[in-house]
Amino acid sequence: MTSAELNAVTCGGKFGRIGRRDVLALLAGAAAWTSPSHAQRSAIPVIGYLCPESPGLFASRLKAFHEGLGEIGFIEGRNVAIDYQWAEGQYKRLPALAADLVARNVDVIVAPGGAPVALAAKAATASRTIVFEMGGDPVQLGVVDSLSRPGGNITGVSSLSVEVSPKRLEMMHELRPTAAKLAVAANPTSPTVNTQLEKLRSAAEILGVRLEVLMASSEKEFEAVFAAVTKEAARGLVFTSDPYFAFRSGQLAALAQRYGVPAITQSRDFPTSGGLMSYGGDFVQTHRRAGIYAGRILNGEKPSDLPVQLVTKVELIINLKAAKSLGLEFSPSLVSGADEVIE
Amino acid sequence: MEVRQGFRSLFQKYLLVLFMAVAIPLAINGVVEAWFGYRDQRARLDQLLGVQAMSAAAEIHDFIYGITNDLGWLVQLPWNDEPDERRRTDALRLFRQAPAIVTLTLLDHRGLERLYISRIGLNRIDSRTDRSTDPAMIGARAARAWFGDVTYNRGSEPYLTIAIVGNRPSVGAVIAEVNLKLIWDVISAIKVGKTGFAFVLDRPGRLIAHPDISLVLRGAEEATSRPFQAIRDAIGSAGVGSATGRDISGRDVAAAAAPVSGPDWTVVVQQPLSEAFGPIYAALKRTAAILVIGTVIAGLLAYALAHRMTEPIRLLEEGTERIGAGLFDHRISIETGDEFQRLADSFNRMAAELALAQEQQERIARLKRFLAPQVADLVDRTGDDSVLEGRRTEVVVVFCDLRGFTSFSAEVAPEEVMSVLSEYYEVLGRAITTFAATLISFSGDGLMVLVNAPVPVEEPALRAVDLAVEMQRSVQELIVGWRSRGYRVGFGVGLASGSATVGRIGYESRFDYTAIGSVVNLAARLCASATDREILMDAEVAEGVGGRRSVIGLGNRQIKGYDEAVPVFGISFDTP
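Protein chains in written order, with the working numbering: chain A, 18 to 360; chain B, -10 to 565.
Please note: incorrect hints may appear among the correct ones.
Computed far set for chain B versus chain A, every beta-carbon distance over 10 Å [what the hints assert, rightly or not]:
| # | residue |
| --- | --- |
| 1 | Gln30 |
| 2 | Ser44 |
| 3 | Asp79 |
Simulated crosslink set (DSBU-like; lysine-lysine; CA at most 35 Å straight-line) [said to hold, decoys possible]:
| # | chain 1 | residue 1 | chain 2 | residue 2 |
| --- | --- | --- | --- | --- |
| 4 | A | Lys248 | A | Lys319 |
| 5 | B | Lys183 | B | Lys274 |
| 6 | A | Lys80 | A | Lys248 |
| 7 | B | Lys183 | A | Lys319 |
| 8 | B | Lys180 | B | Lys274 |
| 9 | A | Lys319 | A | Lys237 |
| 10 | B | Lys180 | A | Lys80 |
| 11 | B | Lys183 | A | Lys80 |
| 12 | B | Lys180 | A | Lys319 |
| 13 | A | Lys338 | A | Lys319 |
| 14 | A | Lys198 | A | Lys237 |
Source of the hints: derived by calculation from the structure; they are not laboratory data. Note that beta-carbon positions come from the ideal geometry of N, C-alpha and C, so glycine has one too.
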């Protein structure tokens, strides 16, 4: 069993055995067919895809979503159409885009990429079915009533990314056990920012470190965050879980290298782009399962019958090369606990 | 042909009997085969589902014991008071290997918590909380491996607590929380037939594993688990083997269960009845098809055989009808080479004989007209009319006629004439019959009777004389009546005996029997010369009578057509 499959808590037993390669092959073809398929839109179901970012940043997530959809038997351009709305990183535009999708009479709205998207979609309609994908606790954020009985018109998939923010602090502390002060980067516009900071503060207390909280809500503030880490003599930087950060892992990795700051984020894109390490939910799993749920809803299942799925897989990725360039060494327990080690 | 009420033709009977003879054994065979086939299939299904359930249970068992086994590596070395970095590394490595484990707690030999690691929450190192009275610890100490009750994390994800102690107290214990959602990989890979699957219930009957994860995530709810419990209970009450029931979507399913020891769970495998009984249905269909084909063949066979058997009977029936209708030249043609053919041959022979008999009958019927009934009967009995062949024989010829009839008939009305003649012939006919004489002809009031031909009799002369006397007596009785009515008629008789040629004369449709010879003329002449109340006979007759009747010689009389006078005799008789 590969680790990717271990967490494959999917429901599409019937379609589960469709080869992944087949799906990918069809996806490639599907992209070519998308534009002429408008004529068929009245006949085939339409998914409204509300995306907080641009297509480039979201490509890997979208691929996972298509995989999930394919497991239920839906191939874009063949038997389902997708109406994409791109917020291009401007989260303020989400409510308007969501309302737009509602007005376009799509069959199901898919709201991936975090709590802001889910909340924007939820605010836009109380009747249209919504499938969300996020990292936070959907109950705590008021998206659903309970995990087993989401209630209403909304259900979806949640990773444990937000919940594991203190674990990132713990890992940074393990890497720098002697540090008295660690920096935390948070997005003040995130709906989960307060709860995360609260948890981080209590964790810091347990671990015996001081926290320097740095705020950033746009790309141009990133550099200031890294500069502040160095200025404040914090020994490491912990990113709170936030989709805005997650989608800009490459940028953050480059800044971390430039400023020589040991940092940990939620997304595996960070260490793979040269960052030090990441700890968070597996977005491939969450997006794939969101695709499965969207397919099941298109097949006529009611959202209230589909419990919110938690993707319990949380992965630790470490980059030994980055550690070396920072002059750091991972403890054996971190190395042995890592799901992926980049050498 | 008359069709009686409730008539059923032989063809129908044969058809029915032959059809039944083939169809009933076929049907019985089919039903028996279907029944045994069903039982065998059912037994096979029981066996198959049972094996599937056991294999599924073994896989679930492997999942749990795989984790238990991994946990065993954490309780190998004795604890000391120092923080144990190596154990932490081992525990983290185990985290990576066993993704279902959510948290791990390592306890030392005193039951103090030495290490707690979590995927979500913060780790605790050497908190030294006393957990020796934890139910997991107590349970594990008693049985080395302890499985808690399934709990639902946030009311959704099923969690199981497993506790393991080492093989000696100093190595302490490990307690792990396992997210059972991950059994999905195992359970979804279990296929029962084409569309069948397996699910797992814990001891109280809550759903903890099912290929549809959304059901598992609501396993804590009674409503979700109830249909699954119903299937489990149905299997439980059915004893060994499989049971049938309804699944959550209302399909009929066949299911079998197997226990998972340790956590005391039940694995149930189920297969849609339509699929599970597919081979049974196929076999039944096959049997039904064979039955239908067999029945059709039986029908055709029965029809052909019944036709073959009844066709000769029909021919015979038709033949007898035709023969009965008088078509004696009809022949029944049956070439079956069996009893039917023999019967047909008999019929044909019979028809030929009947034709002959009828021909004779017709001839005899013709003869009866002029023969005395006794003679006619004789001819009838012997079936031989050779007595009527022409020959020369001794006969007595009797003539008689009425005197004065011609003038009488001219005077009275024709009805009266016919009435008188009718009475007259009636009494004469009676007399002729009584004496077994042969009526040759009658014309007007006269008639000719022959005695001793065609059938010879004893004492022909005597008989003829007695006949003549009887004629006179009975006619004279009539004459008394007639005279009272004013009719003047008389009656005379003449007899003569001698050799004459007798035989049939005439043509095909009109034969008569007659006598030719002088004796006939003589009798006629005697009759002509006889007066009323007179019976005249020739010498030969008188001689034939001998002395037995009072014959009186009347001397010679000149008879017309005879050169010499002929001796004539009379006879007296009582007159009324």
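Holds or violated: Lys180 of chain B with Lys80 of chain A, Cα cutoff 35 Å?
-> The hint holds at about 29 Å.
Hey, Lys80 of chain A versus Lys248 of chain A, does the alpha-carbon distance stay inside 35 Å?
-> With Cα atoms ~40 Å apart, Lys80 of chain A and Lys248 of chain A exceed 35 Å; violated.
Taking C-beta pairs only, is Ser44 of chain B more than 10 Å away from all of chain A?
-> Its Cβ never comes within 10 Å of chain A, the nearest being 18 Å, so this holds.
Mind checking the alpha carbons of Lys183 of chain B and Lys80 of chain A for me, to see if they're no more than 35 Å apart?
-> This hinted pair holds, its Cα atoms lying about 30 Å apart.
Straight-line Cα separation of Lys338 of chain A and Lys319 of chain A no greater than 35 Å?
-> violated (48 Å)
Verdict on Asp79 of chain B as a residue remote from chain A, using beta-carbon distances over 10 Å = violated (8 Å)
Would you check whether the claim that Gln30 of chain B is not at the interface survives, using Cβ distances to chain A and the 10 Å cut-off?
-> holds (26 Å)
Taken at face value, is the distance from the CA of Lys319 of chain A to the CA of Lys248 of chain A at most 35 Å?
-> violated (53 Å)
Taken at face value, is the distance from the CA of Lys274 of chain B to the CA of Lys183 of chain B at most 35 Å?
-> holds (21 Å)
Satisfaction of hint between Lys237 of chain A and Lys319 of chain A, Cα-Cα up to 35 Å = violated (43 Å)
If you draw a straight line from the CA of Lys180 of chain B to the CA of Lys274 of chain B, is it 35 Å or shorter?
-> Holds, at roughly 27 Å.
Satisfaction of hint between Lys319 of chain A and Lys183 of chain B, Cα-Cα up to 35 Å = holds (26 Å)
Violated hints, in rising order: 3, 4, 6, 9, 13; the structure is consistent with all others.
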